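Number of protein chains: 4
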Amino acid sequence: MSDNEISYPSSLGRSTRTTITLFDEQIQDLMGNVGFGELAFWLAARRRPTPEQVTLFEACLVALADHGFTPTAIATRMTYLSAPDSIQGALASGLLGGGSRFLGVTEDCGSYLAAAVDASGLGPDSTDDDWDELARRLVTEARETKRFIPGLGHPNHKDGDPRTPRIYEIAEQTGTYGPHLALFAAIGRVHPDIMGRTLPLNGAGVCGAALADLGLPVDLLRGFALLARTAGLVGQIAEEKLHPMAMDAYLHIDRHSTYIDPATDPQ
Amino acid sequence: MSDNEISYPSSLGRSTRTTITLFDEQIQDLMGNVGFGELAFWLAARRRPTPEQVTLFEACLVALADHGFTPTAIATRMTYLSAPDSIQGALASGLLGGGSRFLGVTEDCGSYLAAAVDASGLGPDSTDDDWDELARRLVTEARETKRFIPGLGHPNHKDGDPRTPRIYEIAEQTGTYGPHLALFAAIGRVHPDIMGRTLPLNGAGVCGAALADLGLPVDLLRGFALLARTAGLVGQIAEEKLHPMAMDAYLHIDRHSTYIDPATDPQ
Amino acid sequence: MSDNEISYPSSLGRSTRTTITLFDEQIQDLMGNVGFGELAFWLAARRRPTPEQVTLFEACLVALADHGFTPTAIATRMTYLSAPDSIQGALASGLLGGGSRFLGVTEDCGSYLAAAVDASGLGPDSTDDDWDELARRLVTEARETKRFIPGLGHPNHKDGDPRTPRIYEIAEQTGTYGPHLALFAAIGRVHPDIMGRTLPLNGAGVCGAALADLGLPVDLLRGFALLARTAGLVGQIAEEKLHPMAMDAYLHIDRHSTYIDPATDPQ
Amino acid sequence: MSDNEISYPSSLGRSTRTTITLFDEQIQDLMGNVGFGELAFWLAARRRPTPEQVTLFEACLVALADHGFTPTAIATRMTYLSAPDSIQGALASGLLGGGSRFLGVTEDCGSYLAAAVDASGLGPDSTDDDWDELARRLVTEARETKRFIPGLGHPNHKDGDPRTPRIYEIAEQTGTYGPHLALFAAIGRVHPDIMGRTLPLNGAGVCGAALADLGLPVDLLRGFALLARTAGLVGQIAEEKLHPMAMDAYLHIDRHSTYIDPATDPQ
Chain A
1 MSDNEISYPS
11 SLGRSTRTTI
21 TLFDEQIQDL
31 MGNVGFGELA
41 FWLAARRRPT
51 PEQVTLFEAC
61 LVALADHGFT
71 PTAIATRMTY
81 LSAPDSIQGA
91 LASGLLGGGS
101 RFLGVTEDCG
111 SYLAAAVDAS
121 GLGPDSTDDD
131 WDELARRLVT
141 EARETKRFIP
151 GLGHPNHKDG
161 DPRTPRIYEI
171 AEQTGTYGPH
181 LALFAAIGRV
191 HPDIMGRTLP
201 LNGAGVCGAA
211 LADLGLPVDL
221 LRGFALLART
231 AGLVGQIAEE
241 KLHPMAMDAY
251 LHIDRHSTYI
261 DPATDPQ
Chain B
1 MSDNEISYPS
11 SLGRSTRTTI
21 TLFDEQIQDL
31 MGNVGFGELA
41 FWLAARRRPT
51 PEQVTLFEAC
61 LVALADHGFT
71 PTAIATRMTY
81 LSAPDSIQGA
91 LASGLLGGGS
101 RFLGVTEDCG
111 SYLAAAVDAS
121 GLGPDSTDDD
131 WDELARRLVT
141 EARETKRFIP
151 GLGHPNHKDG
161 DPRTPRIYEI
171 AEQTGTYGPH
181 LALFAAIGRV
191 HPDIMGRTLP
201 LNGAGVCGAA
211 LADLGLPVDL
221 LRGFALLART
231 AGLVGQIAEE
241 KLHPMAMDAY
251 LHIDRHSTYI
261 DPATDPQ
Chain C
1 MSDNEISYPS
11 SLGRSTRTTI
21 TLFDEQIQDL
31 MGNVGFGELA
41 FWLAARRRPT
51 PEQVTLFEAC
61 LVALADHGFT
71 PTAIATRMTY
81 LSAPDSIQGA
91 LASGLLGGGS
101 RFLGVTEDCG
111 SYLAAAVDAS
121 GLGPDSTDDD
131 WDELARRLVT
141 EARETKRFIP
151 GLGHPNHKDG
161 DPRTPRIYEI
171 AEQTGTYGPH
181 LALFAAIGRV
191 HPDIMGRTLP
201 LNGAGVCGAA
211 LADLGLPVDL
221 LRGFALLART
231 AGLVGQIAEE
241 KLHPMAMDAY
251 LHIDRHSTYI
261 DPATDPQ
Chain D
1 MSDNEISYPS
11 SLGRSTRTTI
21 TLFDEQIQDL
31 MGNVGFGELA
41 FWLAARRRPT
51 PEQVTLFEAC
61 LVALADHGFT
71 PTAIATRMTY
81 LSAPDSIQGA
91 LASGLLGGGS
101 RFLGVTEDCG
111 SYLAAAVDAS
121 GLGPDSTDDD
131 WDELARRLVT
141 EARETKRFIP
151 GLGHPNHKDG
161 DPRTPRIYEI
171 AEQTGTYGPH
181 LALFAAIGRV
191 HPDIMGRTLP
201 LNGAGVCGAA
211 LADLGLPVDL
221 LRGFALLART
231 AGLVGQIAEE
241 KLHPMAMDAY
251 LHIDRHSTYI
261 DPATDPQ
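Protein sequence lines, in the order shown, are assigned to chains A, B, C and D. For the first sequence, position 81 matches number 81 in this note's numbering, and the numbering has no gaps at all. For the second sequence, position 130 matches number 130 in this note's numbering, and the numbering has no gaps at all. For the third sequence, position 54 matches number 54 in this note's numbering, and the numbering has no gaps at all. For the fourth sequence, position 97 matches number 97 in this note's numbering, and the numbering has no gaps at all.
Hints listed in this document are in silico derivations from the structure and should not be mistaken for laboratory results. Here the structure is a predicted model, which is why all the values come from computation and not from measurement. Certain hints may be false.
Stated by the list, open to error - Below, simulated DSS-like cross-link-like pairs (lysine-lysine); rule was C-alpha separation at most 30 Å, straight line:
| no. | chain 1 | residue 1 | chain 2 | residue 2 |
| --- | --- | --- | --- | --- |
| 1 | A | Lys-158 | D | Lys-158 |
| 2 | C | Lys-146 | C | Lys-158 |
| 3 | C | Lys-241 | B | Lys-158 |
| 4 | A | Lys-146 | D | Lys-146 |
| 5 | C | Lys-241 | B | Lys-146 |
| 6 | D | Lys-241 | A | Lys-158 |
| 7 | A | Lys-146 | D | Lys-158 |
| 8 | B | Lys-146 | B | Lys-158 |
| 9 | A | Lys-158 | A | Lys-146 |
| 10 | D | Lys-146 | D | Lys-158 |
| 11 | A | Lys-146 | C | Lys-241 |
| 12 | C | Lys-158 | B | Lys-146 |
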């Protein structure tokens, strides 16, 4: 490829001397007419969502925005304590905890359900019995291979996560209920008989199912959890400015440090 | 302070076995009833915005979300190319460019205007003549001290940034127009006479003025620019998956590298 | 656990009013007597390395420090262009590319070899024939399962990576040659017959083998590649200050952007 | 500039099919012959340091590598707890705290001293009396403008930081003592009379002075503090694997959270 043939394709932001466009729409036409959540959906899915889809999408973002003093919030506050001149660093520091353990369930659950739905041949016309049968197969397989089903169980909300029924309610009200939420509900119905105990469908998981039903790329669902969390982390920084706690937490940890000798340390 | 007296204050996310709350509101009541932009405002300002305030706020977020192949977007795509397993790393990598030069104008402009407004004694009842007088003083001072006024001028949109009139229009329609936008407009009116040339009021600057008028903490305005940009960067990653360009750009750079000898290099 | 029983164990840095210690060594005794690479090894392995181990360890760090305009270096330079006030952000931005594709080979290769060595029962007294037999089994298995062997092959150095023979030379000279390097060499000997073509043992892979032979934790080898790369990225920032190229690269990319319409875009 | 004229200058890593070079040196010649600290110096300063310079440089890196449970170490451990799959994210998260407050003193002190030395006309032949006179002027000016002198004072080591005399000792032994260390020492001598109390010269500050004496770019000194800290953070992650504390610290913080009502909150 000669240099003169180089081209970098994009549908996103462009500008000329007099215009700024996104997807070839004038920015001034988007401003005031397209909501921020709506634009985030559009940028990722490359199609403008319906108002009903926006409602479900924003409900997921609200559900995932903040959970108080999580490890990610603590990382952001510690970084802000150390480097208050760099808000971008404090935000990035917290987002970097959006990995496999605490914030990855949304993507893991959405991807898991999408793979199962795609392989099943089931679709919008399938019945609850169809979904229950598929769910029974999946739960049995998970038990036999000693794998967890993403989105099932919660360390705290053992009797039910308040976000889960609300997402189902909104999906039904807005007509956005689809196969991923259907399969996730079926897993909730059938797993107690097979596993011998009842686990809650958690909020991160149900958001993964909902985002998959909205047609968002399932290998990018973590990105939406991170977008939601960015709003939470801005709030954490705003609160740290008003009611600082990071210094106290740091001093608590430092003062309760105890020495262990590596030489006698059973590794 | 004894350990038993330690407490870490927060108004943000908390949970019990059966509830999740933000600002003592049940999460299920927020979901579906509070938009994502609205929640982001609430989390940072610690008060629920009016619908009119949400409209102006989201218009700013839309204005700032994406500008195509900026250095931050390129950083995100390069990081995604290197470490596709870690979307959080690719997002964080791009956000880290949200510093003084390319993304800091929003905060710089809002802070600059807020300091001037606070020191002036002017307020909602002041007239355009009052604002023009203050603006004349500021522009003259900037010229004499050879300082830039944040938000004034744009490398590309020399005849006007399309976002600027739109923000003024929305602020007037929603009744959210306030002293920061008033002073910024006055700077736009008076500077050509004093400086001998006409510079545009840029979009990042006008968003800083609007966010300050909304009562958001001016030392945190960069946080909102970063929140907006997070949506853009998720879109950049989604597009890189479909239409990759980072490998081509990397190879272009690598192939056009030329060696310079530090020994003979005039430093 | 009551608060009064809380304790956070550590062997690393501690300080009193008059002392600073690492592993209970006075910092002033370490300074000038322990090299930086030596300390990095000690901090991670929790035991002081021998001078011979330090030589091999630092040779690996030197091998991995910089490779010019890689995607990680470009990310660092783009972030520095955008936010020159935050060197930590520019460094972090580059390190975040240290993931599965470009910088992960060191850890992947070390872990792969360690698992094979551990399962094999082979050890320091095994012969080249023993290692060849094990290697034949591994390469055959990789071919049958269509998996890559980490560290085998290089997009550029198809006839051999100059770092590989040098690591073997240093390992032999310093008496630090061990089972992981032995197995990696055997893979180099036996794979052409089985695979029908000759691939080079690459430098990132041989460093993974060497670091595993040094007894460093194999699930942390990426950390050493990142430490090495930090030195390279500091160099990249120093050079960007003297001979900036990020603005030119950004403008090149921006100017060669071409619009694609998502509506007609075959996804 | 036409595309065919584009070139990106660099003296750092390059490779051909058969070679890898840094500064036009073959990588295999550097490996085993150049230490890691030496290479880091070379990459940043663009000239190979003498062995004496390497000794002082590595002593600074050792002094700055780890300080136990600092906010940056806590951020790294929290991020590792959340996203154990991404070591690069955990490292980056900690480095992002390398800003103005906790890790910036090295650069602030080096820059401050360099500006004063450059403006003074003093040099290698100046006497202690010359430096004392300059120091008296600086301390007086700082007192009058109510500014802090970077590197002066320590929250903990009020009677002296053990790293400071050691750096002076090494600088004298290696013949690398220069004007920045001379001025810093003078500040230590003269400030008690002017300020009415005795503050220690802290370790981060003395390292800034030493790094400036080594001729490293003073606007990049934070980069060396970050390089040193990277080794410390790899050690923190290694220890978190063996002796986890992040979950306990997170639970402690979460359990001691108390709600504050924003409505009645005096802001």
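Next item on the list: Identify every previously stated hint that the structure contradicts and give their numbers, smallest first.
Entry: 1, 4, 7, 11, 12
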